[in-house]
Amino acid sequence: MQIFNYILLAFLILCAVSVSFSKNLLNSILIYMSYSLGMSIIWIILESPDLAITEAAVGAGVTSILFFATLKKIHAIKGEDKVE
Amino acid sequence: MSRLKTKEEYQKTKAYRFFHWYSGEKDPYLDKVEMHPQPEKPKEELTIEERMHDRQIVIDKVYDFDKNKNMKLFNRFYAIASIIFCIIFITILLIAVSYLPRAGSAMNPNNNEVSKRYIENGLQETGAVNIVTGMILNYRGFDTFGETCVLFIATSCVMILLMVNEEKLKDSIELNDRRYEPKNDVILQKVAFVLVPIIFIFGIYVILNGHLSPGGGFSGGAMIGAGMILYVSAFGFKKTQKFFNENTYKVVKVSALTLYGVLMIYYFYTGANGIDNHIPLGTPGNILSSGMILPINIFVGSEVACTMYAFYALFRRGGL
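Residue numbers (our numbering), protein chains in the order written: chain A, 9 to 92; chain B, 4 to 323.
Derived by calculation from the structure, the hints in this document are not laboratory data.
Do not rely on the hints blindly, as some may be mistaken.
What the hints assert, rightly or not - Calculated pairs, DSS-like style, for lysine-lysine (alpha carbon to alpha carbon, straight line, at most 25 Å):
(1) A:Lys81 to B:Lys186
(2) B:Lys35 to B:Lys8
(3) A:Lys81 to B:Lys171
None of these values were measured; they are calculated from a predicted model.
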């Protein structure tokens, strides 16, 4: 269990660093989503399932959806594979 | 009449003219200056390409590092200054951390009598099996009330910024926004058809069992909101408006916050004056127990669900 915990924490740090270093905004949001999922697993290991539920619903779900909507509004997601 | 002067005589006095001028009824240039309406100049409209071209020239000149020595110097200074600022900031934070008490020591300020009281008397005083919910909604109900107000204010701010009044404009915004995404996607609709009821029921379960099992108003509300977002993205706003439109939103949100406030006021009034509040705590473990926690959970849950959905709808089409 201890090793699993360490792996998750390392994954969190890796995600947090790579969010700021990725050039593509879409990729950063996806990495941020995986960060939230890892965080929610850590909450379960720390025996606080209510926080885990909230983190999974808000952090991984709603926040990233709002980020996607915002990126669309400012035309940061371009239709690269647009069929014309 | 007791007037000393006639009207014409009065109009010649200075007092009359002063008050006339003061109230702005007199036009000093009338009949004195010849006034012609100016012919309108034809506007020279630059096309977008011309404007972009001009802009590009300016940008090229500013960022031409071979000739613009100042810009080059500024860029170098900027990089160095940012690094120095980061280092200073990190040092200040690390110094602050070094003054914090050691983790796990028995003398730490978090090991005081408050947590002991919560753990030992929580079940008896609040009647909630889940200590966390009992703490959040009973001992620290004022905190949660503030959080709910924050959610309300946040949606109000987003509404001020993004709300669109005209129905036609809303549809065009939505169409504009959905340019790159499939409409009436079969896979998404089938998945949503199966998943949305399960998500809703699970959210309601989490809200209603907030005082018995992990979860509570906030988590359950977030779940229901996420389910509604899934439903909207699968079936569109027209279908969602059949069961959740702006009027429902207003009624649910405002009444939830008001009832929560009324309940909290009752709690505070009776608690502060040492009066028995006459709310039976019931047997711990039953669904109808722990006094006020169940209704407060429902209010917080509906508030959060409305907030989540309203954020998404306002972002996508500027209205619910």
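- prompt: Out of the numbered hints, which ones does the structure contradict?
  reply: 2
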